[in-house]
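Novice: Take a look at the letters that make up each chain.
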Amino acid sequence: MNCSAIDVKAYALGEAGNPGDAAHIESCGNCREELERLQATHAALLMLPEEEIPRRIAFVSDKIFEPRWWQRIWRSAPAMGFASAALLAGAILVHAYSRPAAVATSPAVDTARIEQRIESEVARRVDVRVSEAVAKVTADSAERQAKAARLLEAAEKKFALERQSDIAMIQQTARYWQDKFGQLMQASNRSGL
Amino acid sequence: MVTEPSTDGASYRMYPMEMSLAVESALKRLTADQREAVQLKVYQGFKFDEMAEILGCPVSTIKSRLYTALDLLKESLAPLQARGNEAARGSVS
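Chains as they are written, first to last, in this note's numbering: chain A, 1 to 193; chain B, 1001 to 1093.
Keep in mind the hints are simulated off the structure, nothing from the lab. Remember, predicted model here, so these are calculated numbers, not experimental data. Be aware that one or more of the hints could be misleading.
Listed below are the simulated DMTMM-like cross-link pairs for lysine to aspartate or glutamate, each with C-alpha atoms no more than 25 Å apart in a straight line [claimed, not checked]: (1) 1074/B x 7/A; (2) 1047/B x 21/A; (3) 9/A x 1071/B; (4) 1028/B x 1018/B; (5) 147/A x 132/A; (6) 1074/B x 21/A; (7) 9/A x 1075/B; (8) 1047/B x 1024/B; (9) 1074/B x 1033/B; (10) 9/A x 36/A; (11) 1047/B x 7/A; (12) 1047/B x 34/A; (13) 1074/B x 36/A; (14) 9/A x 1033/B; (15) 1074/B x 15/A; (16) 1047/B x 15/A; (17) 1047/B x 1071/B; (18) 158/A x 143/A; (19) 1028/B x 1075/B; (20) 1047/B x 33/A.
Which bits of chain A does chain B cover? Going by a derived footprint, with three or more residues having C-beta under 8 Å, they are [to be verified]: (21) 4-18; (22) 28-40.
Where is the CB? At the ideal position from N, CA and C, for every residue including glycine.
Only chain B is shown next, with the shape it has when bound in the complex (with noise of 0.2 Å):
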């Protein structure tokens, strides 16, 4: 099962260049396999098991550098979320 991203959030819309920036910055501050996890999965869509098999790794250890890339990702993006969604309740009201 596949869950779309969130579109009615307005905290990437409101600053889709700052939130671009702030993402490119938190992905720099992972580790490469992390960054390397995150690339797999987010963005060209492999499953744990098929990342496994690509990285030679058991699906824990997939599992573990996924899921602490994104805790670190969710921390950094939270504040630039914070605002974002203020904001869009700001418009709304």
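One chain only, chain A, in its complex shape (with noise of 0.2 Å):
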């Protein structure tokens, strides 16, 4: 047999080889030291403590074949429901925390402002009320006025009327007497001739 069909390392480390293998070690003189120089490191190696074993792969064996946390929290329709609500909590509460304090440093200033800016159009209002009350008694009182001289106006007119009319029915009455009085007189003056 070839020494290089031999794995004297696997042979050394317990690892079941071919059935040939252990009779051409022993008969082979430099397998036999190979194996040799092996089992002096191995023997080297168990000389020290009990070693930890290595976290990376202290739970390995029974865990290898698992799914990753995010393969679990992604299966996980729950989680992710939990995920998500925790996420939309935190937004909220970013946004909860950050809004006040924009808004925490003004509110006296926005609370006077307020009751200037109200107290400001109170009074303008009531000047606008005021000014259209005055505007609109004095329209009244114009508007009496300008009435109550019309009405004057008009009857000194009708006044004017009914004189001139009188004035000239007693003008006629006055000739239709004055030529009565004239016939009368000449009736007289031809009947006392």
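Each of the two chains sits in its own frame; use the hints to bring them together as a complex.
Specialist: Structural data, given as structure tokens:
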């Protein structure tokens, strides 16, 4: 058997090899020497105190086939729902804690400004109403005066017309009686003749 | 088949503390993958196929890591083992 076909390291480490490996190693000086060196190294390694299993592989034997954490989360609908709710709650909290910072600095200023605005608005409206009322009263008074003037003028015109009519009637009556008197005087003169 | 470590060699019995320190130093010089393979094979006693399953690698990769680690350890520990052997021979003679 050829030495290259023999896995001396695997043999030294206790791995099952071909059935003829042991016989070849026993008979082959090189292989036996290599085996002795490997065994000495193995023995030296075993001299160390009990080695703690590296954390990387401490639980790997029973968890190697388990899905990774993100795979478990991804495959778990409740966990995703919880994560979404937690994210939403976090966003709400961040929003709630970030907004008052801007608002909290100016409530007094805003209140004063609002009160000032209300006062100015009320004063403006009062002024407008007062002005409107005064204007209305003034307009009513002027209209009333104008109406009275118009009535007075109409009455005066009517009175003048009536007076003229009376004067005309008196003149007509006077002229009638004057004519009658003239006729009587003429008749008496003719009869007196 | 599991071969027991040689107990008739005097190297590791002559200088146990020195040998322990040398082994520890030699192990530190290995890569993480090589140290992991040595850990699983030498100290935990797993078979090659079990190690491949645990580490998620092909058996050939496991063998490559482990054999390289063994060669490095053998080279690192050889001077100390030679001194131990000479001391053992001197005490016998």
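Novice: Hint by hint, say whether it matches the structure.
Specialist: Here's how the hints hold up against the structure:
For the given pair, residue 1074/B sits about 16 Å from residue 7/A by alpha-carbon distance, which is consistent with the 25 Å threshold. Our distance criterion of 25 Å between C-alpha atoms is met by residue 1047/B and residue 21/A, whose separation comes to about 18 Å. A threshold of 25 Å between alpha carbons decides the hint, and for residue 9/A with residue 1071/B the separation of about 10 Å falls inside it, so the pair holds. Simply put, residue 1028/B and residue 1018/B have alpha-carbon atoms about 15 Å apart, close enough for the 25 Å limit, and the pair holds.
Between residue 147/A and residue 132/A the CA atoms are separated by roughly 22 Å; this keeps the pair inside 25 Å, and the hint holds. Among the hinted pairs, residue 1074/B with residue 21/A is consistent with the structure: their alpha-carbon atoms are about 22 Å apart, no more than 25 Å. Among the hinted pairs, residue 9/A with residue 1075/B is consistent with the structure: their alpha-carbon atoms are about 15 Å apart, no more than 25 Å. At roughly 23 Å between alpha-carbon atoms, residue 1047/B and residue 1024/B fall within 25 Å of each other, so this suggested pair holds.
A distance of roughly 17 Å separates the Cα atoms of residue 1074/B and residue 1033/B; the hinted pair therefore holds under the 25 Å criterion. Note on residue 9/A and residue 36/A: the hinted pairing holds, with a Cα-Cα distance of about 10 Å set against a maximum of 25 Å. Taken as a hint, the residue 1047/B and residue 7/A pair is honoured in the structure, with Cα atoms around 15 Å apart against an allowance of 25 Å. A distance of roughly 21 Å separates the Cα atoms of residue 1047/B and residue 34/A; the hinted pair therefore holds under the 25 Å criterion.
Among the hinted pairs, residue 1074/B with residue 36/A is consistent with the structure: their alpha-carbon atoms are about 11 Å apart, no more than 25 Å. The suggested pairing of residue 9/A with residue 1033/B holds, with an alpha-carbon distance near 18 Å, which does not exceed 25 Å. For the proposed pair residue 1074/B and residue 15/A, the alpha carbon gap of about 19 Å is at most 25 Å, so the pair holds. In summary, the hint linking residue 1047/B to residue 15/A is supported, as the alpha carbons are separated by about 7 Å, within the 25 Å threshold.
Of the pairs offered as hints, the one joining residue 1047/B and residue 1071/B holds, with about 19 Å between alpha carbons and a cut-off of 25 Å not exceeded. Of the supplied pair hints, the one linking residue 158/A and residue 143/A holds, its CA atoms being roughly 22 Å apart against a limit of 25 Å. At most 25 Å may separate the alpha-carbon atoms for a hinted pair to count; residue 1028/B and residue 1075/B meet this at roughly 14 Å. For a cut-off of 25 Å, the pair hint linking residue 1047/B to residue 33/A stands: about 24 Å separates their Cα positions.
Residue count for the stretch 4-18 of chain A with a Cβ under 8 Å from a Cβ of chain B: 9. That meets the three needed, and the coverage hint holds. With a threshold of 8 Å between beta carbons, the proposed coverage of the stretch 28-40 of chain A by chain B holds, since 6 of its residues qualify and at least three are required.
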